[in-house]
Structure formats: C-alpha cells, structure tokens
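Q: So you can see what is in the structure, the chains are spelled out below.
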Amino acid sequence: AQSVAQPEDQVNVAEGNPLTVKCTYSVSGNPYLFWYVQYPNRGLQFLLKYITGDNLVKGSYGFEAEFNKSQTSFHLKKPSALVSDSALYFCAVSPTLAGGNTGKLIFGQGTTLQVKP
Amino acid sequence: DAGVTQSPTHLIKTRGQQVTLRCSPKSGHDTVSWYQQALGQGPQFIFQYYEEEERQRGNFPDRFSGHQFPNYSSELNVNALLLGDSALYLCASSTELAAGELFFGEGSRLTVL
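These protein sequence lines are chains A and B, in that order. Count the first sequence with the numbering used here and you get residues 1 to 117, in order. Count the second sequence with the numbering used here and you get residues 1 to 113, in order.
Bound-form chain A, shown alone:
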C-alpha cells in the first residue's frame, strides 16, 4: 500500500537553531514529493516540491528539503528557525503512472513544529 510516514508527532527547536522534520514514503515508481504547512484554522499552504533533478530543493520562507532515493526520504530543513515557523507540517507524495503524474496527494499524519524564543 502507498503510504507516507512522519515519525515525529512534534519537533521542538529553539529560535535560531536549525530544524529538521522527517518524512519517509512507500510509493512505487518515481513519485512527486511535497511539503505543505498548515497554520491554525487555515488551509494548507504549499512550501516546496521535488520532481526530478537536484536532490536539494528550496522553497518558501527559507525552507528546503533533501530527497534521498535509497532511503525513500524527503526531510524538511531550515538553517535557522523562527518563532513564526511554528505550525503543522505535512509531507505528501503524488504517485506517477505511465501516463504521468496523477495529481492525487497522499499525506502523512503531520508534524507539529514548535519554535521557542
């Protein structure tokens, strides 16, 4: 079965420190990979995506993510965390078929990021 795992329910970091939010996936083929962020009482916002090419992709608000095919991981990173980064982060994958990308997203359970001053 296709699935996405975010092993940490919550990640706590101090402001100014680097952060990592982990994601692994189990999807056949070469899926597209995404990170979305959800602020309280708001819809999800797209952060970044990986389709092909350089394993390190850069996105909004200084976030980046590293794709590792052998480990089927797509960890979200930021060199210096801000208090305003505190939110719920979702990793998602979009399976591909012979005809191309399906456009359907499979989400992980989400990881709450808490950045303390």
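It should be emphasised that the hints constitute simulated quantities derived from the structure, not laboratory data. Note that this is a predicted model, so its numbers are computed, not measured. C-beta atoms are modelled at their ideal positions from N, C-alpha and C, and glycine is treated no differently. A couple of the hints might just be wrong.
[Unchecked claim] Listed next, with one range per pair, are the computed distances between beta-carbon atoms:
| hint | chain 1 | residue 1 | chain 2 | residue 2 | range |
| --- | --- | --- | --- | --- | --- |
| 1 | B | N79 | A | G53 | 41 to 47 Å |
| 2 | A | Q45 | B | A80 | 32 to 38 Å |
| 3 | A | K116 | B | Q56 | 40 to 46 Å |
| 4 | A | S80 | B | P8 | 39 to 45 Å |
| 5 | B | E53 | A | A1 | 25 to 31 Å |
| 6 | A | P117 | B | E96 | 39 to 45 Å |
We have chain A already, so just place chain B on it with the hints.
A: Just chain B now, kept in the frame of chain A:
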C-alpha cells in the same frame, strides 16, 4: 485575486442527513480536488474533478459524490451522514499541469451529531 473559497465554514448535521459543500477554485484553475481531514490526521483524498468529470477517486464510499460546473466550481455531497463523517473538508484547486501543487481553501468543518 481571490484564492480558493469554500462554504459554509462550519455546519452541524445529524446522522442520516445529507450535506452539500461548495468550492470556488482560484482564478485560472480548472482542476478541483476534495480532501477529508479528520482531527489529528493528514488530509485524505476523496476525488478530483477536471472538465466536469470525476477523474480520480480515493477510498470513499458512494455516499460521497461530487460535481464540477462549467465555471470550474465544485460541490461535494455526502448522503446518509455517519458520526465518522465529522471532519474538516478541504477543497484544493490547481491547473491540470500543476503536478500536485495545490491551492487549498480554509475548509468546511462538518460536525455530525
């Protein structure tokens, strides 16, 4: 430019009733997807509409149905509501070539009593 708008924002229904949720996509977007997000969970894909046709469907029963109109807006209908249908229902729009880069609305929170 308005983003994705959903209505109503909150609603309460009782078991066995029917509900219709509405979504207007972001300007220029022609594809609408619906997701169900239960409390503490990630969103789960319900279905996707493109050119007024259901193009893909997730693992949801036939009680869940939808429609897309010529102006690309969409409705999600749920019949014979169950307590377990209580969730945040998210609409997302995109262009067909956007490859999963979705714009989400703020959702409709459905409570079934």
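Q: Range first: 32 to 38 Å. Now tell me if the beta carbons of Q45 (chain A) and A80 (chain B) are that far apart.
A: holds, 34 Å
Q: Has the hinted range 39 to 45 Å been met by the Cβ atoms of S80 (chain A) and P8 (chain B)?
A: Cβ of S80 (chain A) to Cβ of P8 (chain B): about 40 Å, so the range 39 to 45 Å holds.
Q: Should the hint that N79 (chain B) and G53 (chain A) are 41 to 47 Å apart at their CB atoms be regarded as holding?
A: With Cβ atoms ~45 Å apart, the hint holds.
Q: Note whether the CB distance of E53 (chain B) and A1 (chain A) lies within 25 to 31 Å or breaks it.
A: holds, 27 Å
Q: So does P117 (chain A) sit 39 to 45 Å from E96 (chain B), Cβ to Cβ?
A: holds, 44 Å
Q: Check the following: the C-beta atoms of K116 (chain A) and Q56 (chain B) are separated by a distance inside 40 to 46 Å.
A: Because 41 Å falls inside the window, the suggested range holds.
Violated hints for the displayed structure: none, as all numbered hints are satisfied.
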